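So you can see what is in the structure, the chains are spelled out below.
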Amino acid sequence: MSSNKKLLLKVIILGDSGVGKTSLMNQFVNKKFSNQYKATIGADFLTKEVMVDDRLVTMQIWDTAGQERFQSLGVAFYRGADCCVLVYDVTTPNSFKSLDSWRDEFLIQASPRDPDHFPFVVLGNKIDLENRSVSTKRAQQWCHSKNEVPYFETSAKEAVNVELAFQTIARNALAQESEADVYNEFPDQIKLTNDNKAKQDSCSC
Amino acid sequence: MWVKPSEVLVAEGFWSTEQQNTFFLLQQRKGTQGSSRSFSGLIVGTIDSVFDTKPPPFRILHQTPSSEVYYTISIALNKDDVIKDWDWLEKNILSILASFDNDDDATDFVLCKISSLVANDAADSDNLKLPDLDSDTFRSVSLTFRKNFGMPETEKLVNYYSCSYWQNRVPRQGWMYLTINHLCFYAFLIGKETKIIIRWRDVTRIDCTNALFFPDSIRISTRDQDHYFSMVLRKKETFDLIQQLVNIAMKQLISDEEYKEDEELLKKSSINTPTKPSFLKRDLDARAHTESYKNMFRLPSDEKLDGSTQCLIWAPYKKNFVSGILYISSNFICFGSKVNNLLSVVCPLRHVQSVEKLDNVKGHVSIKQALFVSTNQSNQFLFNEVGDRDFVCDKLSEMLGKTIFNKEALPDGLSVFARRRSRSNSLNEDQQQIPFLTLRSLSISKTPDNEESSSVSPIDSQPISVPLRTIVQSPSSPVEENYEALEELKEKKWKKHFSDFGEGVTLFRTVETHYLVIEGVPDSVRPKIWLIFSGAIHDLEANPGYYEKAALAGLAQGGPANEEIERDLHRSLPEHPAFQNEMGIAALRRVLCAYAWRNPAIAMNIVASVLLVYCSEEESFWLLAALSERLLPDYYNNKVVGALVDQGVLEELIFCRMPDLHEKLDNLGIISLISLSWFLSLFLSVMAYEAAVNVMDCFFYDGARVVFMIALAVLKANENELQELIEFAYRNFNNVSNSEVERLRLKHRLRVVQSLEDILMRNTLRTVGPECTLGDDDLKELVIYVRSRQSLESPDKEVRHTTVSLGGTSMSQDCYTVSFNTFKNIFLKVTPWGNSDRSDALSMSIFNLLDIDGSHLLSFRSVSWVLGVICGKDFARKLRFLYYLHLAFPPAPEDPSKYLEETAVEAEDFFVEMEENKKQNGPSQLLENNMIASIATISKFKHSRSDFRTFEKNYIRKMNQDSFINLWRTVYSFFAHETNEEIFCSLSRVGTLLLQTGEAGRKFRHSLSAEAPKEVEEASKEVEEASKEEEPNTITFNEDHFSEISNNVCASSSCTDDDEKSFVKVMSFNSELKAEDEVDQNEFQNVSKTDEEDVEEELIEETTSNVTEQISVMSEEDEPEWKISFDHFVANIANEELILEFFEKYVKVAERIKNLRDQNEHILPS
Ligand SMILES: Nc1nc2c(ncn2[C@@H]2O[C@H](COP(=O)(O)OP(=O)(O)O)[C@@H](O)[C@H]2O)c(=O)[nH]1
Ligand SMILES: [Mg+2]
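One line per chain: the protein sequences are A and B, in this order. Residue numbers for the first sequence, in UniProt numbering: 1 to 205. Residue numbers for the second sequence, in UniProt numbering: 1 to 1166.
Isolated chain A, as found in the complex (with noise of 0.2 Å):
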């Protein structure tokens, strides 16, 4: 891997609809949050260059909509991720208990190389709020019994901790790029199709 080379990360994030995906992009983005956006509507991305280590890497931040509906546009951008951030809100158990569901979805869609590996990143957002209801400690736990996976608890709202984790996710998400590229597609589990006809070879108008 040349130094010079100009690096595109693609981290992806994930986690039920509410717990604050988008506003913790925007935090990081562009270091403000508002109460004023709105639902994200199946994906959008943003992206920011930063230092990792001493070298100018861009990244390109995918949220997405937490919402089932949206599920089956998945196969599209996980591919090729280079780290997935799960976010839940430490407010709500249950945006706590769906990361599971999160994980597993994106190893399926993704189908990196090396599940046991890819690097994920936990946040616990909303740490502002009074009425927490999911322990630090179960959290780490969690984390823990996912191969250590590294966890933050932050506030998109406060700026707590959002700088940090995402550098973190920036630095993780590196070291599996320079990985990645030793192989570079993601082959489907079970080729169910053989849709490799040419995909538009008549227009009809």
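Zero decoy hints are in this set.
The list that follows gives simulated cross-link-like pairs (lysine-lysine, BS3-like), each with its CA atoms no further than 30 Å apart:
#1 A:K48 <-> B:K716
#2 B:K251 <-> B:K304
#3 B:K368 <-> B:K402
#4 A:K48 <-> B:K664
FYI, nobody ran anything at the bench for these hints, they're computed from the structure. None of the values given here were measured: they were computed from a predicted structure.
Given chain A, work out where chain B with the ligands should sit, using these hints.
Below, chain B with the ligands without anything else, positioned relative to chain A:
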């Protein structure tokens, strides 16, 4: 039946002459009499399918003695009909013909006479023609088709076409049959049949190709194969029909609705359609027409087109006539100019006051055959030179008599006058009170009770009847004064427009209107414009009061839909002041909940909030309905299918119009992701608010094409200011028409729906855990088979939801499920156990075992697991399963349906006790382990109940005699068809040994129990007594008897038809050769009761087995009963080579399922 005379050259050949006179021959076609297929019959069949003609079996020919030429003059499907015509000829014609000197004259006479008869008949039958009358030939074709393909009555033939099918690069000439669910092709060439059946739902692509090897053909692709049909007569018609049918199939896949013929529609269109081959084809044609009519004028979805005719309309604003087409449908008169967009009129009959004929108006010579329509909206229409004027007028009067006008005030200044209508006076009062809802209204009645429980305060539920814009300040705009002035200017223009072109829904819609809309609609006029041009106004007027009730019901309803709404309320249009206070939020909540009640799978908060800014709640509600039900179909459902379809459409549009850009975007791979939010939020989430609202103006005016035009324009020049953008869009992409969009939607819907099906299939496959031993090929075949059954069986398609995540939490995904019938099919045809007299009973118990949640549907995971077990090589696993099955879900001996309930109840107890058992063990573990572990255990508890595989890991309890007999009976049935006598010897050897083992155990334990405590002893005595009553004969074993009987058995088993008896013999031998009837059915049924007693002590996890097993052994010893353990069972079977062989046999699952699929191709829903 007389036919137009036509020359035939070969009078003989394939026809045999039955009767003959000087001028006529009556012939029957060879190969049609009798069933035996003679050689000539074969040839005839071949010729028939090569040529387009498939003549009926009887005909009458005319020929003169001096001529070589024959004419067919009559054909018939049966003998009686042909004889009738024959007799008529002999009686009326022969004598006349005899009087001609010249043969040519005779021929002329015959031809003329017959032609006029035919013409006469045609006229007659036209009058008589009722909608149901599929023509005779069509019916006979339909019959042959059904016979050839074994299709049931219900599978209606739509049409058939001659064409050739490319089979291995060789064209086969034959017939293509199109039905509602299938495309079939049949060719019969020199004794070789070609049959193709393709289900529409499996089709992944259709197109016309001109590939080198398949010139000018229609290509139909499925996941497995490409099919090419060429030399299609009427190719365009065929292709359109295919496309329509596929599309119906795709819509079914989305909505699970079945295709139904629309009787009403048929009557309407059949009036002046010429004789078309099929009733259904006509139905589909009528549908297509009505569909495009509704699209053109944005009419409610239940509107049905009656007919159309050419005419001129008087355009008062420019004082001349415009030519176009007048459409009449159940509730509307519409007019569309020949020149696109020049002028159109939508006039609901509810606004019509009178319809008059006008002729010979003084000073206006040009007025003839005219109709004058006056409305209560101060608009009047003069239609001139109306084709079929009198008919149209009568029709209109009749319909006016039927429409019920409603007296409700119209919202927002749409003027309504009391209507003086000549024909509607006689209507009585209660007819006007049409219940506002159909079926769903039933659930409304429940809402009063629920109201308390929901968090709805009375103020909350009071709809706001004005736009939010008028209540809160509009967003602070930098050009405040300018804005006001602009608005005023626009308002003035619109006022002028309304006075020139009329007001209300009946206004003249002209190019001028279009320009005004593009310039931007002033806030005050918006609701009117949006409602009128989207067609939402019709629903609004037709359903007064609907919204209030829907809102109440929706708020009270709760559930996941409402949770989702709640979460997004504050994230919909947060920047707008209207939604920065509780009032606006409450209004949004009401509208969304009301709509979710009408249509639960829908979410469209962003669009809804914008509507609310400009319109009242009720208006917004109906605009939402128009949007998601008509303008953007399937957009907001739970898979956003519609938006995915339109992404495909957009991509193709880009590809065609800006190939360079397409390439760039394609390389970036982001085209679909970006466009999705454009579509779903109508640009609201990506454009400046004001700009996006203006886009909405155009969208409501001009339909879906606007979204595409804008999207294309945005892509091309996204820095341009908005105003320029819309102009730019219309200037550069005006050639994107709504009909093109519709056409492309058809095309892309196919792709999207099929790829969603693929995802479903992949999801389903993904649920298969590591415990399944089937190979990839097996699984693939299995999932394809299961998918193919989804549509065939109603229960399968009802519930496609299962929880998929292996981690076990909330996220659920759609998957295929397996119904009992499907499971049974697989079990019987694929597994080695499916071929015995107990197979039905076995399939039932296995189904119950796997059906853990009692939904009567199995998860794909469990089915693949069980197939892996039964068809695999691991005999111990297989036997363990069989053994366990007979403990927990013993197969019923005889009538499975009787047994079903009992089994289910018992199974429940079984699991409940199992769980209790584990809880008792809980505390000791808690002491030792930390918190996490205990959480893990608890979740394991949950799993034990929801997992059918627990027995694989757990200790399996012992089995009593009844269960064993049942089990042995099953094992025996597997071999019942064997002819190898050795096997029966092995069987009886093992059976005997096992019985002996059980008996030995009893004796041993009995002696032990003497030393046991008193109470236990008493209890055990009771048990023993009880068991003695059931089975008075003590079982002992005797070497001599054994050999004697096993010989017997071997002898008797060779006559395999009486397996039952020979089995009983084995058993009866074992029980001291008592009479056969002693082995009573009761014994099998008793199993359940004895089982319950045992469960408690015995089902304990292996992990804790060291300590607990001893306890359980102790407690077993308290009951001196007949017992064998699983280990006994396996060990004994493993000793017998022949039996073991059977259980070790590996089955090629993939192959067998493939066969099953091939057989099933022809079995269709009944
Ligand atoms: N108090 C608090 N609220 C937050 C925080 N992050 C997000 N929110 C709020 O949570 C809601 C959902 O946030 P959003 O970013 O749209 O969630 P997403 O669906 O995961 O993208 C919004 O109302 C945010 O204002 C946070 O750190 N603290
Ligand atoms: Mg979001």
